[in-house]
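Residue numbers (numbering that gives the first Met the number 0), protein chains in the order written: chain Z, 0 to 450; chain S, 0 to 450.
Hints should not be assumed to be uniformly reliable.
Since the list can't tell identical chains apart, any single copy or any two copies may satisfy a pair.
[As the list claims (entries may be wrong)] Within a straight-line C-alpha distance of at most 30 Å, the following computed DSBU-like cross-link-like pairs (lysine-lysine) qualify:
id, residue 1, residue 2
1, Lys77, Lys386
2, Lys386, Lys45
3, Lys4, Lys339
4, Lys385, Lys71
5, Lys312, Lys353
Hints in this document: simulated from the structure, not taken from any laboratory.
There are 2 protein chains.
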Amino acid sequence: MVDKKFEQYVEDNANRFAKDVMRLVSQPSVSARREGIEECAALTEKLLQEIGAETRILKDAGFAPLVYGEIKSTKSSKTILFYNHYDVQPEEPLELWQSPPFKPEVRDGRIYGRGAADDKGELVSRLKLIETYMKVHGEPPCNVKFCFEGEEEVGSVHLAEYVSKNAELFKSDAVFWEFGEIEEDGTPDVALGMKGMIYLEFVMSALDADAHSSYAAVLPSAPWRLVRMLSHIKDDNERILVPGWYDAVETLDEADLGVLEEQSFDGQGFLQAHGSRSFLPGMTPAQAKKALVQRPTANIAGIWAGYTGPGSKTVLPKEIHCKMDFRLVPRQDPEDLLRKLRSHLDSKGFGDVKIEVESMEPAARTSFKDKLAQSAVQAGQKVWGKKPTVKLSEAGTGPLYVFTRGYRASTVVMGVSGTDAGLHAPNENLRLDYLKKGIVWFAETIDQYLA
Amino acid sequence: MVDKKFEQYVEDNANRFAKDVMRLVSQPSVSARREGIEECAALTEKLLQEIGAETRILKDAGFAPLVYGEIKSTKSSKTILFYNHYDVQPEEPLELWQSPPFKPEVRDGRIYGRGAADDKGELVSRLKLIETYMKVHGEPPCNVKFCFEGEEEVGSVHLAEYVSKNAELFKSDAVFWEFGEIEEDGTPDVALGMKGMIYLEFVMSALDADAHSSYAAVLPSAPWRLVRMLSHIKDDNERILVPGWYDAVETLDEADLGVLEEQSFDGQGFLQAHGSRSFLPGMTPAQAKKALVQRPTANIAGIWAGYTGPGSKTVLPKEIHCKMDFRLVPRQDPEDLLRKLRSHLDSKGFGDVKIEVESMEPAARTSFKDKLAQSAVQAGQKVWGKKPTVKLSEAGTGPLYVFTRGYRASTVVMGVSGTDAGLHAPNENLRLDYLKKGIVWFAETIDQYLA
Chain Z
0 MVDKKFEQYV EDNANRFAKD VMRLVSQPSV SARREGIEEC AALTEKLLQE
50 IGAETRILKD AGFAPLVYGE IKSTKSSKTI LFYNHYDVQP EEPLELWQSP
100 PFKPEVRDGR IYGRGAADDK GELVSRLKLI ETYMKVHGEP PCNVKFCFEG
150 EEEVGSVHLA EYVSKNAELF KSDAVFWEFG EIEEDGTPDV ALGMKGMIYL
200 EFVMSALDAD AHSSYAAVLP SAPWRLVRML SHIKDDNERI LVPGWYDAVE
250 TLDEADLGVL EEQSFDGQGF LQAHGSRSFL PGMTPAQAKK ALVQRPTANI
300 AGIWAGYTGP GSKTVLPKEI HCKMDFRLVP RQDPEDLLRK LRSHLDSKGF
350 GDVKIEVESM EPAARTSFKD KLAQSAVQAG QKVWGKKPTV KLSEAGTGPL
400 YVFTRGYRAS TVVMGVSGTD AGLHAPNENL RLDYLKKGIV WFAETIDQYL
450 A
Chain S
0 MVDKKFEQYV EDNANRFAKD VMRLVSQPSV SARREGIEEC AALTEKLLQE
50 IGAETRILKD AGFAPLVYGE IKSTKSSKTI LFYNHYDVQP EEPLELWQSP
100 PFKPEVRDGR IYGRGAADDK GELVSRLKLI ETYMKVHGEP PCNVKFCFEG
150 EEEVGSVHLA EYVSKNAELF KSDAVFWEFG EIEEDGTPDV ALGMKGMIYL
200 EFVMSALDAD AHSSYAAVLP SAPWRLVRML SHIKDDNERI LVPGWYDAVE
250 TLDEADLGVL EEQSFDGQGF LQAHGSRSFL PGMTPAQAKK ALVQRPTANI
300 AGIWAGYTGP GSKTVLPKEI HCKMDFRLVP RQDPEDLLRK LRSHLDSKGF
350 GDVKIEVESM EPAARTSFKD KLAQSAVQAG QKVWGKKPTV KLSEAGTGPL
400 YVFTRGYRAS TVVMGVSGTD AGLHAPNENL RLDYLKKGIV WFAETIDQYL
450 A
């Protein structure tokens, strides 16, 4: 139970908290351009030190230092880890910003600037949460760790490497993920996981050079061979045909099914938002809601071969490329599945297709029955006065698994950004009332979790 | 039987013939750039008038005038039509030419210049053939017609329209096609037809805009739908699955089979030339030889959707495009087949796929038993002293059908260009000895045909 003193401290210091968000936003840190990364890492470390954390900079992988912080507690043996990132998306298109993206400005109770929400506002909310505990109670309610990376916006390419190289350092019982949304009416969202993914490119070659298409009468066609190969990957009913693909997939437990049932889902609105007339053939909105959480996918993200210009060119293409992303659900092991895919294609006569793997990430998800999940939801109801929207899993993918795979830590995706925060867009912003209330929500969640 | 006087006239006037080739080459006529087309049409008409032809310019379709010529004969009621074109391919890359492409030059017994062979050299050979008849015998041995178009290198887009609008004008009993090769050892090639073709583009749409690929769990995928649709077009054994596709295909008669049998075919050399390790699965070289002539094809010439750049982008593409060319054999009616394809796809649940037809041309082929074919072969043996290489059909496609469909004219593809003439390439050239001998060969063929 968060006490009055805690809430009062947040209230009294809210303007200073906002200034720290603006300090961080003022330091550009565009990882796509490798701009301001070192400087922003140093500032992030300074902010950690200002709340009393012991810090450490890891920089033996990638181009961006990983900023680590830690504060021990005598009150609990448990450890909570906060994962955030100090890098931001590029600010373009500049002309659509009302104020300069790296000169943050407060208007109508919001901080405007690149990273105000994603993820500098979120990052500062975690720092100020712990600062408040330190100031009000002299220490945090349990051990806390901070993992602030600088390559999130370019795919967190080295995060898994950092964590596996420093396994002990990143050990925790609970992980607060880097983002989370507050709906416009003040309803907080709580998500409990993310899907995994294998992203790969197939390259099928048949000839040394493009041939005149009249020779299609006698020469092998790479595009046709790929089309045939794809028909061995997924059938007409959307079932992935690789033997064993679904072996590790678990059915949802009753608690999870209950969450799904309760979750409102505006099927027609979803379709309109994504410019589709219908879901997959035969799929009801209720099935769609579940599929977003629990269905492994095999998506063709890109395909190209031969002549793609206007008019006609009669060519038998020498090769074809096909990019696919396979979304995974918990317990599916990407490396195991990749082996199964390879041997399935071999067995169907496609031993010659090259598979270039771009990335592999397992899924991660915490059960709704987990104490952390329950605490976040109950605390949400209490602090926001609204029943939180619970999502078992985001439909998307992120490196949540990095912190949960070996450690079996509980995870929760919750944050302080509004649904209109303009992530990755011009006029990105953070609502200051959400920042304050979010900090109290985090504290209430932690207090209930540790109770 | 060509007489001595005929041969002597060709011999005596060969240099003047060459000069007329050079006159025509000197007038650029690049249809792709619409450059010099009117001027070259006028010069072509002048050359026709110089041999005594009545001429007519048709210019109510397309951008290039069609130059028509005619000379009547009292000797036979039969009519021979010569189809050629006065336009040429672009001359690039300029730096690879030894002499300027439009300033023709004679070196080592060859005229070098753009169009020297394709098709200005061929066109002049037909003119000089008839000039020789006129000078030696006072008239041609039968009625002759000339159809010289100016859009061949951009697809003969308006040829069919011109011919169907002026049906009586283009009526003939026999057609000499615009090209033909003489092998390096002086063996003449005789081809008896060309395949037809439907060239089209499928456009399959599923969404109004690209979606994040995480939504592939619930939203329809245009690429997957196209892949499934393609599996209804051709099976794993290369059989086209559209009902009725093969209904009109006739088996080769004994004469044609005999020609195939006799035709030498270096399977290994063919594969090497086209950078392939093998023919289609299970196909022998003898089967390949036949397939090039008689197999209808369904080729994927181009396909594209979604993200085709480096690395990964997780996108569910809103649409996919697929260009296909279907090569046809004699008696297959493109319009009928297109209707069958459409209704087949509709019946398989793909009524939504758009089919944009780029071009449709039926095949055309003359039987080896035909008198024109027999005459070309026997005359080839006599004039060149080598047994001609007979091809029942080119594997490629051309508008031969335009002159044969309604009229049932016999056709023969024979010419005066060497296999090293560099068609469409730098240093295109015409061997002067082949020009002379070719004219005699044409005359011998016509004399035997009319006998």
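Hints, one by one, checked against the model:
Taking the closest pair of Cα atoms, Lys77 and Lys386 come within 30 Å of each other only inside a single copy of the chain (27 Å); across copies the shortest separation is 94 Å, beyond that limit. In the homo-oligomer, the alpha carbons of Lys386 and Lys45 never lie at most 30 Å apart, since the shortest distance is 37 Å inside one protomer and 91 Å across protomers. Taking CA atoms no more than 30 Å apart as the test, Lys4 paired with Lys339 passes in neither setting, with 57 Å inside one copy and 79 Å between copies. Taking the closest pair of Cα atoms, Lys385 and Lys71 never come within 30 Å of each other, the shortest separation being 33 Å inside a single copy and 97 Å across copies.
Proximity of Lys312 to Lys353 under the C-alpha cut-off of 30 Å is found in both arrangements, the shortest distances being 27 Å within a copy and 19 Å between copies.
In terms of the numbered hints stated before, the structure departs from hints 2, 3 and 4, listed from lowest to highest.
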